[in-house]
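> In case you want the letters, here they are:
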Amino acid sequence: MTVTETLTGTERAVAARIAGVSKTFGAQQVLDDISIDVAEGEFVTLLGASGCGKSTLLNLVAGLETPTAGTIDVPGGRPALMFQEHALFPWLTAGKNIELALKLRGMPKAERPAEAERLLELVRLKGAYRKRVHELSGGMRQRVALARALAQDSNLLLMDEPFAALDAITRDVLHEELTRIWAETNVAVLFVTHNVREAVRLAERVVLLSSRPGRIAREWEVGIPHPRRIEDADVAGLSVEITEQLRGEIRRHGQH
Amino acid sequence: MASTETQPKVEDEPVAKGAATAVADRKTDPAGDLAGLEAGLDALDTRTSARTPLPVLLRRKALPPVVAVVLVLGLWQAAFALNLKPDYQLPSPLMVWDALAEEWYKGTILGIIWQSVSRGALGFAVALLVGTPLGLLVARVRPVRAAIGPILSGLQSLPSVAWVPAAIIWFGLTDATIYTVVLLGAVPSIANGLVAGVDRIDPLHLRAGKVLGATGVSGVRHVLLPAALPGYISGLKQGWAFSWRSLMAAELIATSPELGSGLGQLLETGRSYQDMPLVLGAILLILLVGIGIELLVFAPVERRVLRHRGLLR
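So the protein sequences, as listed, match chains A and B. Going by my numbering, 254 is the number at position 254 of the first sequence; the sequence numbering is gapless. Going by my numbering, 256 is the number at position 256 of the second sequence; the sequence numbering is gapless.
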């Protein structure tokens, strides 16, 4: 496992290397020859319409499924994964949800409460430790879920449309939070979305997947400096370009 | 939060107003006081569930059953007064009360109740220890499920009193007979409850557990069992009801001096002396113990679990 070796020519070590990965379910090919390197501390968004297999790809990287062909290498060990639904355990408080992740990663019991408090503060939920999951709003639940994912202390965070179910204001705020936390923790993020603006707003690199089977259609480096806003002209400009390409990909499916 | 707390009835208006201010804040504050904005959103979105005050709770929850009981007693007394049946067949509530009071003054009634309750509790505890691993096996191991899953659900609909003759032939008039019948009644309920609980687990929670590294035994302990708890508890409740029923059936049929005297035997004694007030009194006691254990033991546990998960208001 030579982590310093690179394909993209940059000098950053890889947090995840997806090499020639294909996945078939029965007779249907979902992913076809996908190769993506996510550098340490890099923020990559995977963008695509339905049927591009983006969630499948995340499940493969998370180790929840195995690829039909190709290899996936995650040098830092088991990656953290955040789902579209918060997936918090309703029988535990917010704090205990985070503590469970700490426990499962092997942290001694005495250190867990303080670390859970620290992570809650990181997502600006100081004082929510004793709150039950159902007592939290949608945005707060996703922040606790983010804190729980960070509690795994993985250097790779996989996010499967984590903000898709939130209202626009809350989503906007969480974009800012995620950008801040990403900068503070230097975790690499592989973020799946079907929202082009969200992809551009967040990422250093956007990877567009075509559908059925999912193939890499094109990649964009997003050079827009932070802080960004989803309504910024630069974000909108690149989004228009990517959307055009995405529409082209979708149109192909209507012309059999 | 304060606004929703103090005026829960006009919730909509203040929230709408508040959301508007949050947007305004964001526009006028280009540096982005993100923390403040977030705090505002959190406050607006948080629902506080105020506890119902005790007098209201009593009126809502305790009054209706009291009224119902008084009504039934009234009808009973009326039927007695109208002489619908001779007194030895239909005694008045007071006569039943007197019969129970007489048992009380004999000083045996607490012992009788304790005999049955302790048997029921012990039988239930053993059923719990057998039914839980059995339920887990059926829920998680596919061949086991295919093999004994249907039998287990079938056993649940078999009245456990049907086991009494078999148990008497196997074990004679001993405690073993009584516990066999109780276990055959309660174990399928408890196991089936756990199976149902596991089946109803949100698959997302299982995936989340895997991602966090909860696999094998730690997956069962930290994800599977707590996630299945609501179904498991209703299984336990039903298991208790089946234990109690089976116990009464066994005590009623398997009577012998060595077995001591429980509520079932009391009922049988009443029958052999044609003592209707005592029979009705014994039925009443059996009912009261069953309801009492349900209310004192299972209901609080279930309420607590459901409230913590936001499944109960």
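Misleading hints may appear alongside valid ones.
[To be verified] Computed cross-link-like contacts, DSS-like style, restricted to lysine-lysine with a CA-CA straight-line distance of at most 27 Å:
#: 1; chain 1: A; residue 1: K131; chain 2: A; residue 2: K109
#: 2; chain 1: A; residue 1: K126; chain 2: A; residue 2: K103
#: 3; chain 1: A; residue 1: K126; chain 2: A; residue 2: K96
#: 4; chain 1: B; residue 1: K61; chain 2: B; residue 2: K237
#: 5; chain 1: A; residue 1: K96; chain 2: A; residue 2: K131
#: 6; chain 1: A; residue 1: K109; chain 2: A; residue 2: K96
#: 7; chain 1: B; residue 1: K210; chain 2: A; residue 2: K96
#: 8; chain 1: A; residue 1: K131; chain 2: A; residue 2: K103
#: 9; chain 1: A; residue 1: K126; chain 2: A; residue 2: K109
#: 10; chain 1: B; residue 1: K210; chain 2: A; residue 2: K131
#: 11; chain 1: B; residue 1: K210; chain 2: A; residue 2: K109
#: 12; chain 1: A; residue 1: K103; chain 2: B; residue 2: K237
Please keep in mind that the hints were generated in silico from the structure rather than gathered at the bench.
> Now, for every hint given, state plainly whether the structure supports it.
Structure-based check of all given hints:
1. A:K131 - A:K109: holds (20 Å)
2. A:K126 - A:K103: holds (20 Å)
3. A:K126 - A:K96: holds (14 Å)
4. B:K61 - B:K237: Judged against 27 Å, a Cα distance of about 20 Å means the pair holds.
5. A:K96 - A:K131: The given pair, whose Cα atoms are some 10 Å apart, holds under the 27 Å limit.
6. A:K109 - A:K96: holds (12 Å)
7. B:K210 - A:K96: Status holds; Cα separation ~17 Å.
8. A:K131 - A:K103: Given that 27 Å is the threshold and the Cα spacing comes to 19 Å, the pair holds.
9. A:K126 - A:K109: holds (20 Å)
10. B:K210 - A:K131: Given that 27 Å is the threshold and the Cα spacing comes to 24 Å, the pair holds.
11. B:K210 - A:K109: Status holds; Cα separation ~21 Å.
12. A:K103 - B:K237: Not OK: A:K103 and B:K237 at ~32 Å, beyond 27 Å, violated.
Checked against the numbered hints above, the structure breaks only hint 12 and satisfies the rest.
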